[in-house]
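**Student:** Given next are the chains, with one letter for each unit.
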Amino acid sequence: MAVSLKRPFTATVSAAVRSTHTSLSLPASCRCFSVLNRPPPNYEGHIPLTRVERLGLAAGSGLLSFLDPRRGDLIAAFGEATAQPYFIYKLRDRMLLNPTGRRILRDRPRLTSTSLAIPRLRQLPSNTLGYAYAAWLDREGVSPDTRAHVRYIDDEECAYVMQRYRECHDFYHALVGLPVFREGEVALKAFEYANTGLPMTGLAVFSALTLKKAEWRRFWDIYGPWAIRNGTKTDDVINIYWEEELETDINELRARIGIEKPPDLRTIRKAARDKKKQEKEGREHAAASAV
Amino acid sequence: MPPRLPVIAHWACPSTPATRVSIFSFRRCASSSATSPEIYDVVCVGGGPAGLSLLTGLRNSPITSGLKVALIDGQDLQKSRLPKDASLGSFSNRCSSLTPASVRNLQEIGAWKHANASRIQPYQEMQVWDGVSDARISFDWDTARPLLTPRKPSQPTTIAYMIENVNTTSALLGRLEELGGVATFSSTKVESIELGKDAEDLDLSSWPILTLSNGKTLAARLLVGADGANSPVRSFAGIESRGWDYGRHGVVASLKLEGPGRGGAEHKIAYQRFLPTGPIAMLPLPGNMSTLVWSTTPERAAKLKSLSPNDFIAMVNAGFRLSTADLEYLHSIPSGQAEEIAWRGKHTPINEAQIPTNVVEVQAGTVANFPLKMRHADTYTGERVALVGDAAHTIHPLAGQGLNQGQGDAAALVKTIEHAVTTGQDIGSLLALEQYNSDRYAENNAMLGVVDKLHRLYAVESGPIVGLRSLGLRAVDAMGPLKGFFMNRAAGGA
Amino acid sequence: MAPSRAHNCVRILRYATTRPLRSPSIASIPRRTAPQAAARGFSAQQPKQHEPAKSSVDPTEVSHFNNLASSWWDPQGPSRLLHLMNPLRHTFISRCLSAPAGTPLPSKLRYLDIGCGGGIFAESAARLPKTASVTAIDPTPEVLKVAELHQRRDPLLKQPGRLTYLNKSIEQLPIPTSAEEQYDIVSLFEVLEHVNAPGPFLTQILPHVKPGGWLVLSTIARTWTSWAVTNVMAEDVLRMVPKGTHDWNKYVNEAELRDWFRKQAGWGGVGDGMKTLGVMYVPGFGWKEVPGGEGWGNYFFAVRRDA
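Chains E, R and P, in that order, are what the protein sequence lines are.
Quick note: the first sequence uses UniProt numbering, first residue 1, plus one each step.
Quick note: the second sequence uses UniProt numbering, first residue 1, plus one each step.
Quick note: the third sequence uses UniProt numbering, first residue 1, plus one each step.
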């Protein structure tokens, strides 16, 4: 009888091999494979990667998306490659600790233009989240359906968490009113990093280095501090059941989760532009009058 | 030295609920001891496993069987005996894991054959893992050996024996009855302990005089404190006990599992998972029964006790399966754990082969909890006083060593007394007792220290410590001889 | 740690051995301090010098002794090493009693402890279940008082006839006229090394041993190691004991004892009639048996009177 439970010698060896890993929540068997014997996917669309492949993916997608921030697919891949093995599990755990987060994990709702019924949102009172969201989509000219599918996260539940984070991204924009161009995106990523802890969002903040001087100054003076302050003190935004909050007063929602709306970036930029224009005009005027 | 010690002390025998005994004021004691006390060589206060083992050892040894011995217990000792017709479908929630060394001692003093063997469960394997990182170590005598040295078939496969404490005390009481010769004062409280007087022809000023609730007074050449963690004998001797409370409670319960276990009835497995709040252990009992010891925060212990049987069972199953985040949430909701856990089971990768089979039933009335402490007396001996078992030390239950330490104390004290008798020493003198203290103190202290460090190490929830401890655990797991060393230590140096 | 242990060790040797110095029988014999005595033989003859006085006790030694007496039974006190050695004495005696080819002794034994001091050995012998009685003698009243006071602390020892202390020297003890008055075990622990003339001293003891009974003693061998430890280290180097406490010249070697007893008719002739056990104090471990240790330090010696 004892024999049936005896650990074979190979098991001892593999235990020693495993000891070099620092796997966290997944059974070690999910991690030990090479490109030659790739295990079956854990969910539809899943591509299991070896550690080396994951590192390569992280480096490549990171570099390319830094060079071309409009490549959403690359940013997505970068986010997935860097979220494991630790960060996405931590984010999932934070959902598990929250009743609403748990409900989201149970229901696994997906955010698409159909599920959200965008035209209906436009009919909602103007103080609601739904209206603000639709208005934001319209203003920025984007659609919720452009989000890439998660492929590289190994755990199927964590894959959903990644998907959810990605699909909710536009709601964060709408909630705080930040636009999609680089300056707004960087501010929002900083907020997300402080709030979710996902490495991609933190690394994306480095693209602030490519900002223009005036934009950099605004980020340094206004949006950066706002992002850190709000990201850390606000409740986890991943635990907001957006589908249930569409008819909620947006200010009430902000108050509930403890977030303050930053100064409107478009307004500031417009004011700055106008000021610059005026100055320029003034200079031209002065030059003309001097002539 | 103060001649006596007026204290009000809690009286807790290891196996019995605490009751109170007050030690009266000096004057009253002085008058009560005017009648000359009956003189005993050994007076043991406390009829728990340690005290009974000591007396059985003394009565069993031809060298010490001439000593006049007495046993005093505040509880009715018949109540610490197992009913003859006890059903194998129900078990006491106070169980212990007896090491082979403890069992060997019980065999040597002739007590083991008095135990109800059908209620004892030897186990051959132990699975221990980290609830945060899943790093795992398995203990069995097959893998704990050098790589190229085959195991001798004659070597024992048993790691330890699960036994109800009441079965151990019954066995010892059975053997004591067989041996006879113990003046037993059952359901009798010690009202006071004081030092004797210097009369004209006899100077008992170094002898403890015990006044019992039945009016009798006994003088003890050697007074043995086997009277539990709040030992009045220890207080009398003025020995400090130091340590700390863990801020944790041990939740115990008798459980019925789906089957006899993954190794079948012949290969039983003990499981322990270290959670940041404390370890949860499932230890095999005969048949499909198991005993639970779950060390956790007092709040969580209270929550677990308040749950419906269905939710409690689900929580125990979850304790071995779900993530620490899930467990934290599950302890925060008032009810409905079973339903939540069923859902979480679907999304948590679980290797069923490495964890205990599902709990299907909790034996009614067996869910209980008790605070966990670390205590160690400054010394085990004083003039005419020796401490054994919980009176000398209290340990975190994570290594299942508490009762075994008491058995080791009893065996060592018997050996010391034997030597003292052989060489004509006064068995109550500090000099004669010195060997007992030096035999046991360092060993118990080391065990207390290791267990305390393990508790601290595994209380860490995240960060580099988790990685390091996991690396260490896996390394030990891969090194047969080192593992064998640890197993030997845990087995009582077998 | 080592120095304090060594300190104790040396003090013990001193305390243990100062007693017999004041024994009238011994004090009447002048000290021999001549260096050439190192090569002395061991004879039954009295030394040539003669001092007439039936010796009085030196008063300064008495006060010193009273200080000692109070701490005699303190397990951590200066007598600690003697206390620790005591169980070994019983082990050695048990071995003697189980030696083959001896006349069976009665089931209950009579002990005579000569130079009992505070009663360390006498008490322990009296407690043994196989003991009929213990007579313990010491010529010094003060130590005997210590012994008697301590005896009162144990009801067992107060049983009539179990343990009797006598303030006497060996020559004051009447010479037995019948086997009933003789003793099964006569013990002489840590005394011999302070006796000027061991031969005559032993001769006085012999009649008290019952035929088939044992004379058991312990002492220190006269070797370069014992000289170094007790005289040089303790007195000159560490200065832990006053100079002159030990007279190394008086130490007796095991071979000398054997020789002497071989010459006595009716002693150690039957079977394994002479026994030796070398012992050493190992700091941290206590007294340990050292096979062959009788040749260079503390040792036990026993001889059986032929039946």
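If you're looking for bench data, these hints aren't it; they were derived computationally from the structure.
Misleading hints may appear alongside valid ones.
Cross-link-like lysine-lysine pairs, in silico, DSSO-like; alpha carbons within 30 Å at most [to be verified]:
#  : chain 1 : residue 1 : chain 2 : residue 2
1  : P       : LYS108    : P       : LYS145
2  : R       : LYS79     : R       : LYS197
3  : R       : LYS216    : R       : LYS68
4  : R       : LYS189    : R       : LYS373
5  : R       : LYS197    : P       : LYS288
6  : R       : LYS415    : P       : LYS108
7  : P       : LYS288    : R       : LYS216
8  : R       : LYS453    : E       : LYS90
9  : P       : LYS130    : P       : LYS158
10 : R       : LYS453    : R       : LYS373
11 : R       : LYS68     : P       : LYS158
12 : E       : LYS213    : E       : LYS90
13 : P       : LYS288    : R       : LYS415
14 : P       : LYS130    : R       : LYS68
15 : P       : LYS275    : R       : LYS415
16 : E       : LYS213    : E       : LYS233
17 : E       : LYS90     : R       : LYS415
18 : P       : LYS158    : R       : LYS415
19 : P       : LYS145    : R       : LYS197
20 : P       : LYS158    : P       : LYS168
21 : P       : LYS130    : R       : LYS415
22 : R       : LYS68     : P       : LYS108
23 : E       : LYS276    : E       : LYS212
**Student:** If a hint holds in the structure, say so; if it doesn't, say that too.
**Tutor:** Verification of the hints:
A threshold of 30 Å between alpha carbons decides the hint, and for P:LYS108 with P:LYS145 the separation of about 27 Å falls inside it, so the pair holds. Between R:LYS79 and R:LYS197 the alpha-carbon distance is near 37 Å, which puts this suggested pair outside the 30 Å criterion. As the CA atoms of R:LYS216 and R:LYS68 are separated by approximately 16 Å, the hinted pair is consistent with the 30 Å bound. Note on R:LYS189 and R:LYS373: the hinted pairing holds, with a Cα-Cα distance of about 26 Å set against a maximum of 30 Å.
Simply put, R:LYS197 and P:LYS288 have alpha-carbon atoms about 39 Å apart, too far for the 30 Å limit, and the pair is violated. With a C-alpha separation of about 25 Å, the suggested pair R:LYS415 and P:LYS108 falls inside the 30 Å cut-off, and the hint holds. In summary, the hint linking P:LYS288 to R:LYS216 is not supported, as the alpha carbons are separated by about 45 Å, beyond the 30 Å threshold. Straight-line distance between C-alpha atoms of R:LYS453 and E:LYS90 comes to about 27 Å, which keeps the hinted pair within the 30 Å bound.
Only pairs whose Cα atoms come within 30 Å are accepted, and P:LYS130 paired with P:LYS158 is accepted, the gap being roughly 17 Å. For the hint linking R:LYS453 to R:LYS373, the alpha-carbon distance of about 13 Å falls within 30 Å, and the restraint holds. The hinted pair formed by R:LYS68 and P:LYS158 meets the criterion: a straight-line CA distance of about 17 Å does not exceed 30 Å. Distance hint between E:LYS213 and E:LYS90 is unfulfilled; the C-alpha atoms sit about 36 Å from each other, more than 30 Å.
Restraint check for P:LYS288 and R:LYS415: satisfied, since their Cα atoms lie roughly 19 Å apart, inside the 30 Å limit. Of the supplied pair hints, the one linking P:LYS130 and R:LYS68 holds, its CA atoms being roughly 17 Å apart against a limit of 30 Å. With a C-alpha separation of about 28 Å, the suggested pairing of P:LYS275 with R:LYS415 holds against the 30 Å cut-off. Proximity of E:LYS213 to E:LYS233 is assessed by CA-CA distance (about 29 Å); at most 30 Å being required, the pair is judged to hold.
Distance restraint check for E:LYS90 and R:LYS415: the Cα-Cα separation of roughly 56 Å exceeds the 30 Å cut-off, and the hinted pair is therefore not satisfied. The suggested pairing of P:LYS158 with R:LYS415 holds, with an alpha-carbon distance near 27 Å, which does not exceed 30 Å. Only pairs whose Cα atoms come within 30 Å are accepted, and P:LYS145 paired with R:LYS197 is accepted, the gap being roughly 20 Å. Note on P:LYS158 and P:LYS168: the hinted pairing holds, with a Cα-Cα distance of about 20 Å set against a maximum of 30 Å.
Of the pairs offered as hints, the one joining P:LYS130 and R:LYS415 holds, with about 20 Å between alpha carbons and a cut-off of 30 Å not exceeded. For the suggested pair R:LYS68 and P:LYS108, the alpha carbons sit about 20 Å apart, so the restraint of at most 30 Å is met. Restraint check for E:LYS276 and E:LYS212: satisfied, since their Cα atoms lie roughly 15 Å apart, inside the 30 Å limit.
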